[in-house]
Amino acid sequence: MARQLYYEDVAVESEIPALIKHPTPRQLVMWAGASTDFYEIHYDGDFAHNNGLPGIIVHGQLSCGFLGQMITDWIGDEGSIRKLTCGYKGMNFPGEALTCRGEVTGKYLADNEHHVEADIWVENPRGERTALGIVVVTLPARG
Amino acid sequence: MAEDSLISEELRSRVGVKGKPRVYPIEKGLIKQFALAIDDPNPLWKDEEYARKSRYGGMVAPPALVIALGWSDFQADGPRGRAGLHGGTELEYYQPIRAGDTITVTNTLVDAQEKESKRLGRMAVFTYERTYKNQQREVVAKCRQLLINYRAEEAKRG
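If you read the sequences in order, they're chains A and B.
Position 62, counted from 1, in the first sequence is what this note's numbering calls 62; the numbers after and before it change by one each time, with no gaps.
Position 131, counted from 1, in the second sequence is what this note's numbering calls 131; the numbers after and before it change by one each time, with no gaps.
Hints in this document: simulated from the structure, not taken from any laboratory.
Be aware that one or more of the hints could be misleading.
Claimed, not checked - Calculated pairs, DSSO-like style, for lysine-lysine (alpha carbon to alpha carbon, straight line, at most 27 Å):
| hint | chain 1 | residue 1 | chain 2 | residue 2 |
| --- | --- | --- | --- | --- |
| 1 | B | Lys142 | A | Lys83 |
| 2 | B | Lys53 | B | Lys133 |
| 3 | B | Lys20 | A | Lys83 |
| 4 | B | Lys18 | B | Lys133 |
| 5 | B | Lys20 | A | Lys89 |
| 6 | A | Lys83 | B | Lys53 |
Unchecked claim - Residues on chain A that point at chain B, a partial pick, calculated with CB under 8 Å:
| hint | residue |
| --- | --- |
| 7 | Met30 |
| 8 | Ser35 |
| 9 | Gly52 |
Cβ atoms here follow ideal geometry from the backbone N, Cα and C, with glycine treated the same way.
Same shape as in the complex, but just chain A:
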């Protein structure tokens, strides 16, 4: 898989490599099947409209899953996610590219483990942050 990230390699204010996803209606159906979230706003356009939505929308947890992928790609097999939060502030629509981004906000030693914290978010094509949260990971250290 990707090369391993070490604690010493991470600088505060550095960016997490961005991940671009292209959710399709089919992907929302696959997520529904895997998660058992069969709420109709994610695949039935009439239902979505009747709920006051502009159209079918991406499951919030799928966008959180995308952020999870960005992070696990970044930290490598030896890193671990300790905390992952995501507020679903805006709607995401299938057919639009979603860009997952993050910025490191801190690093510290605690309980004998090397922690890194970052702000994370999902951006839609209009640059709006539709999901935002934080992640705390632990990483291996060289020293």
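Got chain A; can you put chain B on it based on the hints?
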């Protein structure tokens, strides 16, 4: 309380009451299904041979699986019959969840509040805390979930 409250008496009475535990086997097939759904090629959740040689000794659950585990049963605990949206997810992850584990999840409704939203009109925000234990009864994760209820007619007017 207002007759037209978005929070029923029945739900309000459940605040603070721990739900019944529900048991989920974590199978390789489920892990692979999540990997496909997110379209994540990470071999830790797709390739048994690769995962076996990793520090985990086998396939493990991606964060997406942990937050979604048992979702339809979780929904059954919640408010029904109104338009809903997902407000947020907060996961604390203490130990890996592995293929072959059996995870027991307990939900507790910890808060129910009514608020005004510019877009949705009046809405109710329900906060749940979910605790995940493995077959050794170790707490492997906790997840706080915010679920929103609103009236579709108010959202359409807005």
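**Item:** In rising order, the numbers of the hints this structure does not comply with
**Value:** 5
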